[in-house]
Amino acid sequence: MYIKNFYTGLLAAGILLIAGCKKDKAAETTVFVSTSDVTEITSETAKAIGDVDLVGVEDITERGFVWATSAMPTTANEKVAAGSGKGNFSGQVTGLTSGNTYYLRAYVINQGEVYYGNQVQFDASTPLELIINGDFALPDDGVKYNLITDIPNWKSDETSEGLNGREYDYWRGSGAAYVNDWGKSIYQVVGDVPSSKSDYAISFDANWSWTDWGDYDPTIVVTFSAFTGDDPTTRTVIGTKVFANGYFPGWQDNWTKKTGTFSIPAGSPFTGQKLVIEFDVPTYDDGSSGWDPNMWFNFDNVSVIQTLK
Numbered sequence: 002m003y004i005k006n007f008y009t010g011l012l013a014a015g016i017l018l019i020a021g022c023k024k025d026k027a028a029e030t031t032v033f034v035s036t037s038d039v040t041e042i043t044s045e046t047a048k049a050i051g052d053v054d055l056v057g058v059e060d061i062t063e064r065g066f067v068w069a070t071s072a073m074p075t076t077a078n079e080k081v082a083a084g085s086g087k088g089n090f091s092g093q094v095t096g097l098t099s100g101n102t103y104y105l106r107a108y109v110i111n112q113g114e115v116y117y118g119n120q121v122q123f124d125a126s127t128p129l130e131l132i133i134n135g136d137f138a139l140p141d142d143g144v145k146y147n148l149i150t151d152i153p154n155w156k157s158d159e160t161s162e163g164l165n166g167r168e169y170d171y172w173r174g175s176g177a178a179y180v181n182d183w184g185k186s187i188y189q190v191v192g193d194v195p196s197s198k199s200d201y202a203i204s205f206d207a208n209w210s211w212t213d214w215g216d217y218d219p220t221i222v223v224t225f226s227a228f229t230g231d232d233p234t235t236r237t238v239i240g241t242k243v244f245a246n247g248y249f250p251g252w253q254d255n256w257t258k259k260t261g262t263f264s265i266p267a268g269s270p271f272t273g274q275k276l277v278i279e280f281d282v283p284t285y286d287d288g289s290s291g292w293d294p295n296m297w298f299n300f301d302n303v304s305v306i307q308t309l310k
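Just so you know, we're using the working numbering here: the sequence shown kicks off at 2 and counts up by one.
The set of hints was computed from the structure by calculation and includes no laboratory data. A quick note: this is a predicted structure, and the numbers were derived from the prediction, not measured. Note that CB positions come from ideal geometry on N, CA and C, so glycine has one too. Hints may contain errors.
FRET-style restraints, in silico, Cβ to Cβ [what the hints assert, rightly or not]:
no.: 1; residue 1: Ser-71; residue 2: Thr-284; range: 27 to 37 Å
no.: 2; residue 1: Thr-62; residue 2: Thr-234; range: 50 to 60 Å
no.: 3; residue 1: Ile-306; residue 2: Pro-283; range: 16 to 26 Å
no.: 4; residue 1: Gly-163; residue 2: Ala-138; range: 19 to 29 Å
no.: 5; residue 1: Gly-163; residue 2: Pro-283; range: 17 to 27 Å
no.: 6; residue 1: Asp-232; residue 2: Met-73; range: 48 to 58 Å
no.: 7; residue 1: Pro-266; residue 2: Pro-128; range: 45 to 55 Å
As a list, the in silico EDC-like pairs of lysine to aspartate or glutamate whose alpha-carbon atoms are at most 20 Å apart [claimed, not checked]:
no.: 8; residue 1: Lys-87; residue 2: Asp-54
no.: 9; residue 1: Lys-156; residue 2: Asp-124
no.: 10; residue 1: Lys-310; residue 2: Asp-193
no.: 11; residue 1: Lys-310; residue 2: Asp-54
Given only the sequences and the hints, what does the whole structure look like? Please build it.
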């Protein structure tokens with residue numbers, strides 16, 4: 002006969018829970034299992050980490066993770082195997098639904114019996130709006146400002162008054178940002194570049210409110226950049242999304258909805274750096290005379306929604 006004691010818990014915290022026993026005088030085996038916090042959580046997947054240690058003569062023939070939307074999941078729920086033996090192990094949790102709360106436990110199989118570690122809880126990532134005050138309503142929707150930096154959450158490298166800011170749009174009856182193609186972009190710092198793949202759904206209302214000397218075919222550029230430290234002017238471009246407008250007549254009500262997408266791959270070299278999303282109207286060149294028509298552009302209802310994959 003032999004005695005077999007099984008313990009689960011977080012070793013670092015010193016929590017040991019006796020889960021079951023069998024008697025045998027020949028040997029004594031003690032198994033320790035712990036579940037660490039879940040990491041790299043996206044809307045569909047996550048990374049689970051566990052640890053198992055064994056004192057005695059028996060072997061861990063299988064180890065892995067189980068998870069469910071209800072507490073105390075078992076191997077009858079979703080699971081992923083992660084090898085055998087003792088030591089640290091990890092597994093990829095898949096098939097998650099964005100916004101759901103999940104419960105996860107490490108498990109081991111020893112001598113045909115299944116034992117579980119402590120339970121951890123996590124939420125599958127939900128799509129996140131990154132732009133704050135994208136309707137430019139604050140602090141006072143009807144007031145004109147000659148620099149976008151007077152508007153909460155918005156920034157610019159522009160220092161000359163009048164080249165970007167907020168004005169009242171008579172056709173829409175609300176405030177809207179304006180940018181001149183002679184000036185610099187407007188932007189927001191929206192958090193950090195994630196380690197997992199991230200998709201960005203871009204949406205904004207566009208209007209060419211003024212162009213000198215006729216109709217032109219300008220573009221709008223949305224740039225994703227990253228920087229370290231506290232100075233966003235040191236940012237490095239990750240990539241851009243270019244929006245073509247077609248020929249818009251000057252000084253008229255030309256509002257249209259613009260939508261597009263941008264992605265940053267998993268393991269980007271910019272991971273962990275601060276992320277900047279900026280909106281710009283590049284200086285226009287008609288391709289022949291080099292004449293810059295001096296264009297004024299309006300932005301409103303700016304939105305960038307991030308989804309981690």
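Hint by hint, here is what the structure shows:
1. The hinted window of 27 to 37 Å between Ser-71 and Thr-284 is violated, with their beta carbons roughly 58 Å apart.
2. Checking the proposed 50 to 60 Å range against Thr-62 and Thr-234 shows it holds: the Cβ atoms sit about 58 Å from each other.
3. Our hint of 16 to 26 Å for Ile-306 and Pro-283 holds, since their Cβ atoms are close to 25 Å apart.
4. For the pair Gly-163 and Ala-138, the beta carbons lie near 21 Å from each other, so the given range of 19 to 29 Å is met.
5. The beta-carbon spacing between Gly-163 and Pro-283, approximately 19 Å, falls within the hinted interval of 17 to 27 Å.
6. Between Asp-232 and Met-73 the beta carbons are some 49 Å apart, a value that agrees with the proposed interval 48 to 58 Å.
7. Distance hint for Pro-266 and Pro-128: a CB-CB separation of about 18 Å, inconsistent with the stated range 45 to 55 Å.
8. For the given pair, Lys-87 sits about 5 Å from Asp-54 by alpha-carbon distance, which is consistent with the 20 Å threshold.
9. Distance check on the hinted pair: Lys-156 and Asp-124 sit about 32 Å apart at the alpha-carbon level, beyond 20 Å; violated.
10. For the hint pairing Lys-310 with Asp-193, the CA-to-CA distance comes to about 16 Å; that is within 20 Å, so the pair holds.
11. Straight-line distance between C-alpha atoms of Lys-310 and Asp-54 comes to about 33 Å, which puts the hinted pair past the 20 Å bound.
Of the numbered hints stated above, those contradicted by the structure are hints 1, 7, 9 and 11, listed in ascending order.
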